[in-house]
Every structure is written in C-alpha cells, then in structure tokens.
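Q: The primary structure of each chain is shown beneath.
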Amino acid sequence: MTTTPDHPTFARVKESFPDKKFRATEFRGDSTLVVEPGDLHEVMQFLKDDESCKYDFLSDVIGVDYLNYPAKMPGRFGVVYILCSYERDLRFYVKTFLDPSVPTEGIEEDPALVIDSVTDIWAGAEWTEREVFDMFGIRFKGHPDLRRILLWEDYPGHPLRKDYPVKGRGEREMYKVVDRTDA
Amino acid sequence: MGIETALPTDIVLTTQLQRVINWARRSSIWPIPFATACCGIELMATASSRYDLARFGAEVMRFSPRQSDLLIVAGRVSVKMMPVLQRIYQQMTEPRWVLSMGACASTGGVFDTYAVVQGVDQFIPVDVYVPGCPPRPEQLIEGVMAIQRIIDEDGIPPIGPGGKRAPLGIAIDPSHAPAPQPVGVGLPKG
Numbered sequence: 000m001t002t003t004p005d006h007p008t009f010a011r012v013k014e015s016f017p018d019k020k021f022r023a024t025e026f027r028g029d030s031t032l033v034v035e036p037g038d039l040h041e042v043m044q045f046l047k048d049d050e051s052c053k054y055d056f057l058s059d060v061i062g063v064d065y066l067n068y069p070a071k072m073p074g075r076f077g078v079v080y081i082l083c084s085y086e087r088d089l090r091f092y093v094k095t096f097l098d099p100s101v102p103t104e105g106i107e108e109d110p111a112l113v114i115d116s117v118t119d120i121w122a123g124a125e126w127t128e129r130e131v132f133d134m135f136g137i138r139f140k141g142h143p144d145l146r147r148i149l150l151w152e153d154y155p156g157h158p159l160r161k162d163y164p165v166k167g168r169g170e171r172e173m174y175k176v177v178d179r180t181d182a
Numbered sequence: 000m001g002i003e004t005a006l007p008t009d010i011v012l013t014t015q016l017q018r019v020i021n022w023a024r025r026s027s028i029w030p031i032p033f034a035t036a037c038c039g040i041e042l043m044a045t046a047s048s049r050y051d052l053a054r055f056g057a058e059v060m061r062f063s064p065r066q067s068d069l070l071i072v073a074g075r076v077s078v079k080m081m082p083v084l085q086r087i088y089q090q091m092t093e094p095r096w097v098l099s100m101g102a103c104a105s106t107g108g109v110f111d112t113y114a115v116v117q118g119v120d121q122f123i124p125v126d127v128y129v130p131g132c133p134p135r136p137e138q139l140i141e142g143v144m145a146i147q148r149i150i151d152e153d154g155i156p157p158i159g160p161g162g163k164r165a166p167l168g169i170a171i172d173p174s175h176a177p178a179p180q181p182v183g184v185g186l187p188k189g
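Those protein sequences? They're chains X and L, same order as listed.
Per numbering that gives the first Met the number 0, the very first residue in the first sequence carries number 0; after that it's consecutive.
Per numbering that gives the first Met the number 0, the very first residue in the second sequence carries number 0; after that it's consecutive.
Hints in this document: simulated from the structure, not taken from any laboratory.
Positions of the beta carbon are idealized from the N, C-alpha and C atoms, including for glycine.
Don't take every hint at face value.
Claimed, not checked - Label pairs and their computed distance ranges (CB to CB): (1) 100/X - 65/L: 51 to 59 angstroms; (2) 83/L - 58/X: 25 to 33 angstroms; (3) 86/L - 28/X: 44 to 52 angstroms; (4) 63/L - 151/X: 24 to 32 angstroms; (5) 82/L - 100/X: 48 to 56 angstroms; (6) 59/L - 169/X: 37 to 45 angstroms; (7) 17/X - 82/L: 54 to 62 angstroms; (8) 83/L - 10/X: 33 to 41 angstroms; (9) 55/X - 83/L: 49 to 57 angstroms; (10) 152/L - 172/X: 29 to 37 angstroms; (11) 65/L - 29/X: 48 to 56 angstroms; (12) 74/X - 109/L: 30 to 38 angstroms.
Given only the sequences and the hints, what does the whole structure look like? Please build it.
A: And the structure:
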C-alpha cells in the first residue's frame, strides 16, 4: 500500500478541481481528503474514473457523530468513505461533514443531513449507506432503496447518535409477553 | 443386559401411570437449540462424546419446535429476534420446558444496550436458569437434570397454579367441531 504523506491522489484532485475547497489530513500513513458535501459526488466520480486514481473498490461507508468531541470539527456528523484501488494499489479516505438543522433526538427528516448517494458509482454502497442511514439518520439522495437495514422499520431513533441513550428509550421492554398457555 | 435379566420373566410390576409417563418424558427430552452466541458452542460440546448428553436422553437436537420438548435459549436475544423466539415457543407442543442458558439469555449479561433483551424470562416463561458466561457443559447438564427433576414432579395433565405447567386445555376441549363425514369410512370387505 502506498500511503506516504505525499499521497499521489492529493495532487491529482487539486489540479483537477482548482476552484473547489478541500482539506487533507494524514494520520499514521492514512490519507484523508475532506470535501464539501455538495462536491462529494463529483469528486467520487473523478476518483473512480481518473486514470491515475482508479479507485475501483469502495470498502466501506461509515458514519461518525462528533457530539462532545474534544477537538473542534468542521461539523457534527462525519461520513467516511474508504476507497481502494486494486489497479494502482492505493488506499484513500474521503470524508465529509454535515451539521443537523433540526433536533437530533427523534427520527424527523432533516434536510441538512442529506448527501448524494454513490450507489451509481459503486453499487456496493447500497447496504453500507443504508446502515449509515439506520444508525445516524443521514439520508442519501439517489439511493435506490433507502430503508433501515439492521433495526426494524418503525424504530423510534437513530441509535448511534451520541445523544441517544445507550440503554434505549424502552424499546427493549415494550414487547408482548407470552405465557405458558399460549400455543 | 438390564433389569429384565435379573427379574423372572413372568412377573407383574405395579406402578402409577403418572410415574411411568414422567419416567418416559424425563428420559427422552428432545431439545431445540436456540443458539445465538458462544453458549451455543458449549451446547454443542455438551452434546459431543466427551460430555455425552445422550446419557440423559437429551441428545436428539430437533430443529423443529413441533418435535421438541425443551427450548434451550443459548445466547443473547436481540429485540428484533424476540418475536422469532416467541413464535418458536408457541409452536412447541405440550409438554414443553424452557432452559435459559448463560448470563445473556437470563439477564442480558454485559449487553446492557437498546437492542438486547434483558432476560428472555420477561417475554417467555422459563423453567431453569443456567448461570455462566458461557456455562461449562457440566453446568448445562445440571440444568438438564433440573428439568428432569421438574418433570418428575409433574402431574398428568399438569395442574395449573400449584403444578409446573398449565392444563392442556386444547386437549381437553378442542376448539373445533369435527364435520360429519360425507361417506362412511371403513376398510373394504373381502
């Protein structure tokens, strides 16, 4: 894996999108490109198609909630895309930040927590994006089938948000009881 | 071979029907494994030759609730899984017993989160709890033997409030009326 501080993809992205705002970080050999949510789809398409990038495999899509995080972050929610290139033998991280506009306790649809789906670029993003939606309530525009994937459909929250109580809000107690006469 | 070689062949033994039936039931407990976690591995070890659950007549793991007597809940049960467990319990035929194996099935264990049921006994009846994380096969065998002791005290049909199980209402008064047969049913003569 070529993960030196001068990751070749940084230079390619910078020269191809001269007027877009990016940030880049390095941590223990892993290179992360931070993009604005609006630019995400275009940049991802470039990373897939560009001859010197050729990120042909999307390993995972991950949500992060930075509520009460000790460091100052560009937004409360992060969405991380882990890219691999089998052709160029590269690994690359793309990250974008979102800020909620409505209270995050419930399952209310938040117009600020929407980004473009990358399922049209990598079909394998379908289930991972569904998981991010299930756990964080971040919606993916253009996703073919954006339903909850792990929890059941009428679940009253997005449990990996940091303001969601770890013991839940009574979901595990509210259930019918079967006794010995039930058959 | 057994006791029959020591006894004269032409004798009559008297006993209670209840004892004979309980003896048969306790000696052929067919468990259905509801194994969702590491307790299931210990359950498999218990059935293996080293611990040999067959000594207690419980080696026939049935994967159909209709054919099993003992539901062994081995492992944590998520809230999403609970309706499946309840359906399996409801599909089991009487007489039936439930063994909650390990800390997770009995109390939720360390998984004190929104998604995990904090003890299956909140939602289905449980007869025996086996502690441990996971329990050793010896402990599970002790649990099966505890089920056998419960069976020993059972009545026919089991009495509700004081006994271990509720009356078999479905067997005493069936909820359906059999329709009259349109033609006579019998063996052809000749």
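Q: All the hints need checking, so say for each whether the structure fits it.
A: Taking the hints in turn, this is what the structure says about them:
Checked against the hint of 51 to 59 angstroms, the pair residue 100/X and residue 65/L passes, with Cβ atoms roughly 54 angstroms apart. At about 32 angstroms, the beta-carbon gap between residue 83/L and residue 58/X stays in the expected band of 25 to 33 angstroms. One distance hint, 44 to 52 angstroms for the beta-carbon pair residue 86/L and residue 28/X, holds here, with the actual separation near 50 angstroms. Separation of residue 63/L from residue 151/X is about 26 angstroms and conforms to the stated range, judged on CB atoms against 24 to 32 angstroms.
Taking 48 to 56 angstroms as the suggested C-beta distance range, the pair residue 82/L and residue 100/X does not conform, at roughly 36 angstroms. A C-beta distance of roughly 40 angstroms is found between residue 59/L and residue 169/X, which places it inside the suggested range of 37 to 45 angstroms. Against the hinted window of 54 to 62 angstroms, the Cβ-Cβ separation of residue 17/X and residue 82/L comes to about 56 angstroms, which satisfies the hint. Between residue 83/L and residue 10/X the C-beta distance comes to about 53 angstroms, which lies outside the given range of 33 to 41 angstroms.
Between residue 55/X and residue 83/L the beta carbon distance is about 39 angstroms. The supplied range of 49 to 57 angstroms is therefore violated. Residue 152/L and residue 172/X have their C-beta atoms about 32 angstroms apart, which keeps the hinted 29 to 37 angstroms range intact. Range check, residue 65/L to residue 29/X: about 54 angstroms between beta-carbon atoms, so the 48 to 56 angstroms window is met. For the pair residue 74/X and residue 109/L, the beta carbons lie near 33 angstroms from each other, so the given range of 30 to 38 angstroms is met.
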